[in-house]
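*Asks:* Chains as they are written, first to last, in the working numbering: chain A, 564 to 1089; chain B, 38 to 386; chain C, 2 to 306; chain D, 68 to 381.
Keep in mind that a hint or two might mislead.
[Said to hold, decoys possible] Pulled from the structure, derived: some chain D residues nowhere near chain B, Cβ distances all over 12 Å: (1) Ala78; (2) Tyr177; (3) Val234.
[What the hints assert, rightly or not] Facing chain C, according to a computed beta carbon distance under 10 Å, are these residues of chain B, among others: (4) Ala45; (5) Ser197; (6) Leu199; (7) Pro213; (8) Gly230; (9) Glu299; (10) Leu303; (11) Pro313; (12) Ala349; (13) Thr353; (14) Thr374.
Hint data in this document are derived by calculation from the structure and do not stem from the laboratory. A virtual CB, placed ideally from N, CA and C, is assigned to each residue, including glycine.
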Amino acid sequence: MPQQPHPAASPPPSPQGGGEAAAPVLRLSGITKRFGPLVANNGISFDLKRGEVIALLGENGAGKTTLMNILFGHYVADEGTVEVFGKQLPAGDPRAALDAGVGMVHQHFTLAENMTVLENIALGTQSAWKLRLDRAAARKRISKLAGDFGLAVNPDATVSTLSVGERQRVEILKALYRDARILILDEPTAVLTPAEADALFRTLKLLVAQGLSIIFISHKLHEVMAVSDRVLVLRSGKLAGEQVTAETSRAELASLMVGQEVASPKVAEPKIGAVALELKSVSAAGQGSSHRLDGLSLELRAGEITGLAGVSGNGQATLAALIAGVLKPASGEVVVQGASMRDWSPRAALGGGVARIPEDRHAVGTIGDMSVTENVIAERYATARFSRRGFLDWKAAKNFAEEIIRDYDVKCPSPDARIRLLSGGNMQKLILGRALDPDPAVILANQPTRGLDVGAVAFVHRRLLEARERGAAILLISEDLEEVLALSDRILVMSKGRLSSPSRRGERTIRELGELMAGHGEGMAA
Amino acid sequence: MRLEPKPAPSLGVTLLFPIAAIVVTLLITSLLVLAAGASPFSVFYLVAKGAAGSQFALLETLTRATPLIFTGLAVAVAFRAKLWNIGAEAQLYIGGVVTVVLGTGALPLPSYLLIPIIMIASMAAGALLLLGPAVLKTRFGVDEVVTTLLLNFIVLLFVSMLLEGVLKDPMGLGWPQSSKVIAEAQLPRIIQGKRLHYGFVIAVVAAIIAWIIMKKTVLGYEMRAVGHNPEAASFAGIPVNRVLMKTALLSGGLAALAGFSEVSGLKGNLTLDLSPGYGYSGIVVAMLAMLNPLGVIASAIFVAGIFVGADAMSRTAGVPSYIAQVMVATALLTMVTAILLTRFRVRWR
Amino acid sequence: ADPIKVAAVYTVPVEQQWVSRIHKAANAAKERGDIEYVYSENTSNNDYERVMREYAEAGHKLILGEVFGVEEAARSVAKDYPDVAFLMGSSFKPDAALPNFSVFDNYIQDASYLSGIIAGAMTKSKNIGMVGGYPIPEVNRLMNAFMAGVKESAPDTKFQVAFIGSWFDPPKAKETAFAQIDGGADLLYAERFGVSDAAKEKKVLAVGNVIDTQADYPETVVASALWHFEPTLDKAIAEVKAGSFKADDYGVYSFMKAGGCSLAPLGTFEGKVPAEVMAKVAEKEKAIKDGSFTVEVNDNEPKSS
Amino acid sequence: MEQAIEILFTASFWVAAIRIASPLIFATMGELICERAGVLNLGIEGIMTVGAFAGWFTVYSGGDLWTGVLIAALAGAMFGLLHATLTVPLGLSQHVVGIGITLLATSLTYFTYRLALPQVTTPPKIEPFQPLPIPGLSKIPILGEALFSQTPLTYLAFATVAIVAWVLYRTPIGLAVRAAGENPSAVEAQGISVTGIRMGAVMVGSALMAVGGAFLTMSAFNSFFFEMINGRGWICIALVVFGSWRPGKALLGAILFAAFDAYQVRLQQISGGVVPYQVFLMMPYALSILALILVARRATYPKALMIPYQKGER
Ligand SMILES: Nc1ncnc2c1ncn2[C@@H]1O[C@H](COP(=O)(O)OP(=O)(O)OP(=O)(O)O)[C@@H](O)[C@H]1O
Ligand SMILES: Nc1ncnc2c1ncn2[C@@H]1O[C@H](COP(=O)(O)OP(=O)(O)OP(=O)(O)O)[C@@H](O)[C@H]1O
Ligand SMILES: [Mg+2]
Ligand SMILES: [Mg+2]
């Protein structure tokens, strides 16, 4: 049974005084990790200094998470060593990493949802054989840390009631609570709103000022430029480059990552057509932590990308569920290409030519344990193309899968591979292909590039613009304001379940949009 | 300790581990035989002889495998869609009830009409019985593990009530048993004078049909999708609740066929001991087959063979007959472990 | 002569009262050197036929068992092995066309009836509790005879009858008996294990059935109707030895006349049962033995009154 | 009708209810611990059988009663260890292992019993736990009698509930157990071994199940019989769900179920044989389903229940 001294009792050795530059807080030497034939990490070595922020960059599947998991003891490296404060960490022992002062905020949160914030943080921090969990002490310490670093959360809140941003704060608190001296953040901003991301960066600054060292993984180059001191680029498991942030540029980093220049897509003038989808004063109960909708109206026109910006939780998820057919309106009307939809369901939406790209590709977009082929036909298996008299035409299905794999440049071992084995970017391409193949009249793109690398992002953008050219009506829901600004012909802001008046491309500044997102400013429709 | 997937196990490895499992099982069994004061050396021979050493033994094994194929299929189908049907036992009994209700003279029809009618009616009854828990699951979120488990008790008491009431055989001298089904409702024996009956053939056909459904049809695809990720399935437009209902109907129907086949093919009438836990063994059979309907045939024969063989061994060796169940259980646990080890490698750090 | 090879196939463990009597008689015969004895217990009816065949194949000369649920299959086995004698517990009659298949049953209603007479005299509350496993003829028959006996000495006695739906759940039988004691019973008819324990704990009386448990419950068990399988088995062994085994109903060897059943000695209750009651018992016993009185065999499910 | 209601106000009815509930309480707490850690333990029926035999046999062979309880618990923990080894690090199907363990434990017990006592015809008896009325408290009408005139094992059952509740909600280890059932990666990320927690929980839970079985042979009764667990283990699985995975509610469920059981026995006596006895026997099961329908919507079950956890897998 694990035995954990109270963190305060054993402060990790922190190299005080001079010689900081000489003695790194963390040293990875020659880390190699194989998954079967795949070499996920290949002889990676680097140092992290006290108070330094390193950004780790790389395409989807480059091996970033794997490397961090080795450092933290989730995975055991096949070769190489990890040294923290000059002492070698035993392999595969998260407890040792924690005790040595390494804290990790995982790409996918590791919180027990039905338990409170305090319980999640205190887990494993007190001696297992104590007859009583000291909640008061834990609460005190959490409040202090929260105050010191601007990480406000209610310790007694159940995690399931928290927003993504709050959950992330809990994750960081977990690390700080254990006196972490090295903090690893794996794509911390992928699911954050810009405002939340800013708050996170402020916290990180405070931490660095306290002498913590940080490894920060992100696909967003502007964040990397803003936050880090040094950038490491991984490509196919190898360290492909190392740059001092101040001496490099976004373009250079992008080309280091992908191996070539990434051109941003060119946007032609829209050819706006008829209304393809219309919501007529619909009301619907809120989905999860998202706001409810009350008498909301919306028109999507052919050949136009409508961008929907907003702080998450303001009803975007509810709106997306509604358009996707997952949610039936309590009142009001859904009109697809002129036809009022009485029985609204995912099937009805698909039948009406509405393509859907869901927010969560792992939980909702794909069925992880089924093959690529089985996943690509999921929305259309019942059509004549893939089935006859109750029997599936596997040949047609496989052909279709191969077609998507080819046309959408999906990297995968074979159409029979379980889709779980694909990287997020490739999964997303597959979902995109599945959705766009039937030339849909309406496209609901909900966070289509979340967590994707720059190459994949450009690819998705290009495909969406092509669909627009072809005359599709597109609703782009994204928390990435840059993305919304770059792609949208028309922008709406959602706040407390209501939509602002629309603005055309370039009409509103980021600032104005920000005010609308915060729920004030002119232009909120009544 | 952790498991790492093996790339592609070679044929040798695929066979090696199951063989090792059988060897371990025999070793453990031999130890118990030794503990009972008998000679452990011929255990393997005696088990094999008892399970397949003669035409009689082989037919007995297949006879016992028959209901296990049905219940195994019922479980395999349901578990695919993650509908945890632990109630195959109850569905089996309901199938038996329908068989005697219709087969004891109520429907004076020729065999070729009567038997299909009884089969369909049994399946319908078993299907409806599982539909209840399925509806409770989808409508009220009631855990079906529990409801199907509890229904086993309720149905058994219900059958007991019928057998002491309306279904009681007037010629049965007061025993809680039903009348015998009429000749037209009986499944013929495959070999005259032996116990193996056409229920076995029906079971094999059912397995093939179930395999086709799972592999080739839209329904099978839907069931797997719902089983793996209901949320994603629902998003993609798969009618999750309807699929679960269909799964329940199919699974309950298959389990009910076990009751039909035992009554109509083997016992002739319904008693309270129609099944020595075939419903529960079905779970074992299905999981050993890794939920593959065709695999269910093999695993049912394996489980039946071990039992029949070990039971015979216990008599020849002169050890308590409970050793048969011990051996079945040991074989099961070692075999599932072996199957795992063919696919994964154990790393100790 | 060499001992005869005897095999028995039981559907329950040999602890079960009914089977324990057969097991005991067989072990006694084995001790005497008359037979070699092997058995298979807890054999489900699905396996019954197979086990019978295996024993027949293995050269056993006499096969004992209980074929209540597998009558037809058992008879077909007998047909296939004409040289093997089958003596089977059964509710049906022997069949002359199947000369090697005989039947028996625990016809101990005589003793049950007598135990009922004593019970009627010993209950003060005129309220008797009866806990059974399942209402099958073997059980009903004895319960009914017992109730008839009770009515002989206390006609207005009230009966509480309950079935627990299991042969092996003594805790449940005990709870049920407790409930009957709560319901006013001061004497229990102990058809299942567990009932006498309840009686002992609550200091009321019990009447035993099939086996004699007075040694375990000296303060509790007043009387017991005992089944002796020995006359039945010994007769069969003799027939097999003589080569004259034929289809027969061995049920009569369980009758009191044949020594197949008896009232257990009063033991600790000697002198506590009123003398006139014992006189009546003796009188009835005599009448039963000389054939002037027969206890009715009633297989219907007894009901609470 | 009146009689039917009067029963509810008799002390002996409630005494019986508590007594019938006692083995269920132990086993339900055992199952609850396993499930709280994320492991469905369908081995319960067999493990109870092992406990019933081990405890009884210890006393029969000359051990004292409490030694018997301890041995029962150890025997249960051993089968728990087997279950846990197969389902936790190896991640085998919890359904199949559970049923396999039930089969193995039951048959191995019967086999051992037959080897140990080859010649008995009536199962030998032991001197079981005797009721130990607590002075004063047991004099309180009905409630006091029901609760405080039981055997020491019943008191232990109630104490177990309190301890389980305390451990789960008030101690660091309980926190880890609950988290392991909710999200094992959260446990792993905090440096605790999920495997260790789950295996420990299954072993402790199985030990409790075995004590529940031992109650039947050492307190409710005084000898061991084949098949005497008679489905009680399965009931406990339902009780855990009924109790929404909370010790207090599960205790309530166990008492409620036992009360139904004690009630149906008494109703059988006054029904005059008009209603088939099976209807009464069905009552506790049918009412359990009904009760489940009422509580199901609010029940929050451990999210990781039945999901094996493999370190380094997603
Ligand atoms: N548990 C695992 N089993 C097998 N292979 C794995 C496993 N985890 C990762 N891999 C392999 O390692 C490679 C690197 O994965 P990793 O998660 O480190 O990528 P990443 O750089 O974090 O990607 P992303 O930017 O998408 O998060 C993947 O391409 C994958 O094939
Ligand atoms: N069990 C696994 N076996 C093999 N490879 C895996 C496994 N789990 C993950 N991977 C690999 O790990 C890589 C990263 O996985 P991850 O889940 O981090 O995806 P991602 O690209 O980061 O997506 P997202 O950002 O949307 O979560 C992928 O390339 C995937 O192939
Ligand atoms: Mg990653
Ligand atoms: Mg990613």
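*Asks:* Against this structure, judge whether each hint is valid.
*Replies:* Results of checking the hints against the structure:
1. The non-interface label for alanine 78 of chain D is consistent with chain B: the shortest C-beta to C-beta separation is roughly 29 Å, beyond 12 Å.
2. Some Cβ of chain B comes within 12 Å of the Cβ of tyrosine 177 of chain D; the nearest lies about 4 Å off, and the non-interface call is violated.
3. Non-interface status of valine 234 of chain D relative to chain B is upheld: no Cβ of that chain comes within 12 Å, the nearest being about 25 Å off.
4. Against a cut-off of 10 Å between C-beta atoms, the interface hint on alanine 45 of chain B is violated, since the closest Cβ of chain C lies about 41 Å away.
5. A distance limit of 10 Å between C-beta atoms decides the matter here; for serine 197 of chain B the minimum to chain C is near 7 Å, and the interface restraint holds.
6. Interface restraint check for leucine 199 of chain B: the shortest CB-CB distance to chain C comes to about 14 Å, outside 10 Å, so the restraint is violated.
7. The interface hint given for proline 213 of chain B is met, as the beta carbon of that residue sits about 6 Å from the closest beta carbon of chain C, less than 10 Å.
8. Look at glycine 230 of chain B: its Cβ gets to within about 8 Å of chain C, closer than 10 Å, so that hint holds up.
9. Of the supplied interface hints, the one on glutamate 299 of chain B holds, with its beta-carbon coming within about 8 Å of a beta-carbon of chain C, less than 10 Å.
10. With its C-beta approaching chain C no nearer than about 8 Å, leucine 303 of chain B sits inside the 10 Å limit, and its interface hint holds.
11. Restraint check, proline 313 of chain B versus chain C: the minimum CB separation of about 4 Å is within 10 Å; hint holds.
12. Interface hint at alanine 349 of chain B: satisfied, since its Cβ lies 6 Å from the closest Cβ of chain C, which is below the 10 Å cut-off.
13. This hint holds: threonine 353 of chain B has a C-beta 8 Å from the nearest C-beta of chain C, less than the 10 Å allowed.
14. Evaluation of the threonine 374 of chain B hint against chain C yields a violated restraint, the C-beta minimum of about 28 Å exceeding 10 Å.
Hint compliance for this structure: hints 2, 4, 6 and 14 are broken, all remaining hints hold.
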